[in-house]
Amino acid sequence: MPDLDILSLVVFFPLIGVLVLGFIDKREELMLKVVALIASLVTFGLSLIVYFRFDPNAVGEIVPGYQMANYVKWIPALNINYVVGIDGISLYLLLLTTFLLPVCILGTWNHIKKNIKLYLQMLLLVTVGISGVFVSLDMILFFFFWEAMLIPMYFLIGIWGSANRIYATYKFVIYTMAGSALMLAAMIFLFFYSSASGEATFVIPELMSRFAIHRIDPGIQAWLFWGFAIAFAIKVPLFPFHTWLPDAHTEAPTAGSVILAGVLLKMGTYGFMRFCLPLFPDASHKFAHVIAILAIIGIIYGALVAAVQPDLKRLVAYSSIAHLGFVMLGLFAFNQQALDGAVLQMVNHGLSTGALFLLVGILYDRRHTRLISDFGGIARSIPVFFVVFLIIMLASIGLPGLNGFAGELLILMGAFKANAFFGGIATTGVILAAIYMLWMFRRVFYGERDKEENKKIVDLRLPELAALIPIVLLCFWIGLYATPFLRDIGSGTRPVVELLKPPTHTVTQAVSSAADDSSIMADGRFYEISDTAEVAND
Amino acid sequence: MGLSELAFNFLTTVWGRLQILWSEPARQLTHWGWEHQAYYLLFPEISLLVGVAVILLVDVFLGRKAFNIIIWIAIVALFSNFLMTLHLMYMTSRFFSYGLGLWWGQLETIDPYALFFKQLMDWGDILLLLVLFRYPLIKRFRSEFIILILSATIAFDLMVGSSDLLAIYVMTEFGSIMLYLLAAFHKDKLKSLEGGLKYFITGAASSAAMLFGISYIYGIVGSTNIYEIKIRMMSIYPDHPLVLFAMVLIIVGVGYKIGVAPFHLWAPDAYEGAPTPATAFISVFPKMAGFAVLMRIYLVAFAPVAQVWLPLFVIMAILTMFVGNIMALTQTSFKRLMAYSGIAQMGYVLIGVICAGLAGPNEAATSNGFWAAMYYLLIYMFMNLGAFIIGMMNEVSGGSDHLDTFNGFHQRSPFLSFFMTICLLALTGIPPTAGFIAKFVIFVSAVDYITRYPAMFLLVLMAIINTVIAVYYYVGIIKRIYLLKPLRTELARPFTPIFFQRVAVLVPALASLVLGIFYIDAPMNYVKGAWFMTYYTTIA
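Chains as they are written, first to last, in my numbering: chain Z, 1 to 538; chain E, 1001 to 1540.
Chain Z with its partners taken away, still in its complex shape (with noise of 0.2 Å):
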């Protein structure tokens, strides 16, 4: 019997409150609420303890710079194991699905009415699955919750979504699969091609550190990050991939579209975090300006798009891509401001775009509608949820002082330091996102206050406000002082950094072309290459 790890334990508890829920009577709403708080409460409790445990100097003893992990046989036939790990990157997406699951819980607790024990068993599952993704360090293991996290998701979506539901659901699920399948297999030959150097693996790390020492063949390199960067690229979603992501988000439930938002398209940039960068840097850094440029018409299409919406939630949706572009940006800049930025804006969206939603969806539960031209003037009807509007859709902009800013701000500075061009562009997006977001601002909270029932909106219940209070409060933490988020992410992102660096005979190429220039020599750092990017081209 293997030892019961902590992070196992965050992943899988919320199947024993699937299993409680299975054994209370449909009828018993309240009942069923409370037991899937308290299991959501628990199993966020539990990441806590990881949280507190976590220590970015560790270095990690069963598996090699993770930490709290666990090695458990699982195929030995294929040689797959079950092995979960934690490091700076996966701690704090960790701890977002965690929390978002009570925050989507507590913040929809009277919304919805039908069949609310099947409802909070796949919002229980579906957690389970995306944390299953943020700690499994076996690529199949990974792939195993990767897509375990479709069925719930299909659920909630095709049930307790809005008129089109079925549409959205089957074409989220499609999309997914369609990525996923290219990515299996581009998995079982990278464990086919990891049986060169020592007995094939599918263990992370493990390919990790081998294929730092022996680079993949440049040309199969290619093959392999596009069969993975497709599948996350249509998670993310990256620009041309992007088109379920409206609908999906639209039309499901709003606890659906938090968690979507939250953390389920934090998968795909993880997974470029997790996968693309560290098992494949040259064909990362060849196709760096292809990424790049798709995460800049992401974030001006988005925004663009995001600004003519009539439908509120449409908005928000659209807005995720644009913010999406950002950490993709920032991902493919290579540098350590740029990867850190990128895994604190994954957080903030997640904070923030969760928190948008669930604003959107009690305005749509007060009201029944999305449409921004029904509303006008509510500021007056609703004081508090104006208020908490106000702070989120500031920190979604990246007011200074709040969350955003601290995360595109990293993301800008290193996008600049590797090609100025795209980083001036990509600023522009931040102008676009205060367009947008204020022009809807205005229309619904501000101007007359025309229509009859806009008076009689009820404020936010007590409830929505628990939800809500510790995401804002989270969100002036992260503004105010991120250095604490920033020391443990630095400690997950410095070892892709450093594989990031270009392979050691591009760097004697280098050398030895710039060999006749004495200066270099003289100052003893030709082995130091400002602009990575660059030379790989060569």
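Worth flagging that the hints you see were computed from the coordinates, not collected in a lab.
Even for Gly, the Cβ is constructed at its ideal location relative to N, Cα and C.
Errors might be hidden in some of the hints.
Said to hold, decoys possible - Which residues of chain E face chain Z? A partial, calculated answer using Cβ under 10 Å: (1) Pro1431; (2) Ile1437; (3) Phe1443; (4) Asp1448; (5) Ile1520.
What the hints assert, rightly or not - In the PhoX-like style, the derived pairs of lysine-lysine whose C-alpha atoms are separated by at most 20 Å in a straight line are: (6) E:Lys1485 - Z:Lys117; (7) Z:Lys501 - Z:Lys417; (8) Z:Lys114 - E:Lys1485; (9) Z:Lys286 - Z:Lys417; (10) Z:Lys114 - Z:Lys26; (11) Z:Lys73 - E:Lys1528; (12) Z:Lys113 - E:Lys1485.
Using the hints provided, position chain E relative to the given structure of chain Z.
Coordinates of chain E only, in the frame set by chain Z:
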């Protein structure tokens, strides 16, 4: 001493006592077995035959009312078959290193490979029979239905163990005739007759082609024994057109039984016309037996000339996956949909066979393809049978097999809906179901060859595209079950399956869930070990 330790000690003690009790009869049986080995090894089939005979007698003397008794007799016969195969499995693993060799004029072989398929068919048959306790078959011929199923099982049992092309041919025919009868079982219904007739005519033609092919093989190498052919094939000139011709003809015969494109045309009609339990039977067992035979012929006897038949198989695999999946997209009948999806599923198994063929006779023992195909068939049996059994109950409670009767199925029976979802997810290949692991091992076997044979990349890509196409219609059924409203109000009336039906649903559905998370290794290791004894059996 902990509680678990106490319990363990207690259990081992009880087990030891039982061993002593059992040892004397077992010793005597084994002693008798050594003296009459040829009969002893036939015990699995003999038990089924005795079952058939008893059922015939019971049918005569007790009449129609005895249907439940008849089912029980059949289950007992199948269970004793199961125990005997288990025993033989034990013998092949413990006392012999090469299987139990060739028997009865070298027509049949007892090796773990054959026993694996025999045992699977027992499990599947028992599950299917459990549903029949309350299924509206034609009253007058109910017992014949059981007899046909048992006889077909005998045929398939002998078919999977055949080590001679002639035995393969005879047993295939034996089994096929039972299937024709099963397909045309609803003799008052025109569709059933039509399906049965189509099945029969095309089946007869394909059998003729196969026999013709066998005659050519005999002409080329001068033997019909699989293991003889294997040796002699090594010294022939493989590019001779006659070799290709013979291969193609045999593929026509065997490919027809397993329903791969372009020999699949009978499947939808036969499936739709046959009574649903018969459809479930046709959708699983002939395919498994057919693949067992196909792999034995092509991966043992024709392994030395793999370069001749591999291109054909690659084309067949791609065609099968695409035809099956694309045709399934537009079906409105559950049985027709399962017919096409079953065709598509066989395409994945063919990929495994191709990989085993690519490995060649010398490397085959370490190749993944062979056991991946076997593992896929194992999981396929559970998931497809589970889906069919639930489809059967939907048909009983909903009135027809039209897909619309699945709308709002969860209101009628949440229990069945849940397990139907698991089976369908397994068929799609989404974790955490066994279907994912099965597809995964197929992919593993194929990706292994990408660097050596670039054409395999194409095959893998096609398989990937097809998994995505299949999502559409499998998840479409799940959509109907949970997301749509029932067509008519009476379709929302609760339906409670009886105990045996619950068992028949639970076993395959839970198997296709649990085998995806735990116990993945044990069947894998078994099928991995099967190859050696299949390939290296020598003629006594």
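Evaluation of the provided hints:
Because the smallest distance between the Cβ of proline 1431 of chain E and any Cβ of chain Z comes to about 4 Å, under 10 Å, the interface hint for this residue holds. Checking isoleucine 1437 of chain E against chain Z: minimum C-beta separation of about 8 Å stays under 10 Å; hint holds. Because the closest C-beta pair between phenylalanine 1443 of chain E and chain Z is about 5 Å apart, less than 10 Å, the hint holds. This hint holds: aspartate 1448 of chain E has a C-beta 6 Å from the nearest C-beta of chain Z, less than the 10 Å allowed.
Checking isoleucine 1520 of chain E against chain Z: minimum C-beta separation of about 5 Å stays under 10 Å; hint holds. Between the alpha carbons of lysine 1485 of chain E and lysine 117 of chain Z the distance comes to roughly 19 Å, so the proposed pair stays at or under 20 Å and holds. About 15 Å separates the Cα atoms of lysine 501 of chain Z and lysine 417 of chain Z, which keeps this hinted pair within 20 Å; it holds. For the suggested pair lysine 114 of chain Z and lysine 1485 of chain E, the alpha carbons sit about 14 Å apart, so the restraint of at most 20 Å is met.
Straight-line distance between C-alpha atoms of lysine 286 of chain Z and lysine 417 of chain Z comes to about 18 Å, which keeps the hinted pair within the 20 Å bound. Among the hinted pairs, lysine 114 of chain Z with lysine 26 of chain Z is consistent with the structure: their alpha-carbon atoms are about 10 Å apart, no more than 20 Å. Among the hinted pairs, lysine 73 of chain Z with lysine 1528 of chain E is consistent with the structure: their alpha-carbon atoms are about 18 Å apart, no more than 20 Å. Simply put, lysine 113 of chain Z and lysine 1485 of chain E have alpha-carbon atoms about 17 Å apart, close enough for the 20 Å limit, and the pair holds.
The structure agrees with every numbered hint stated previously.
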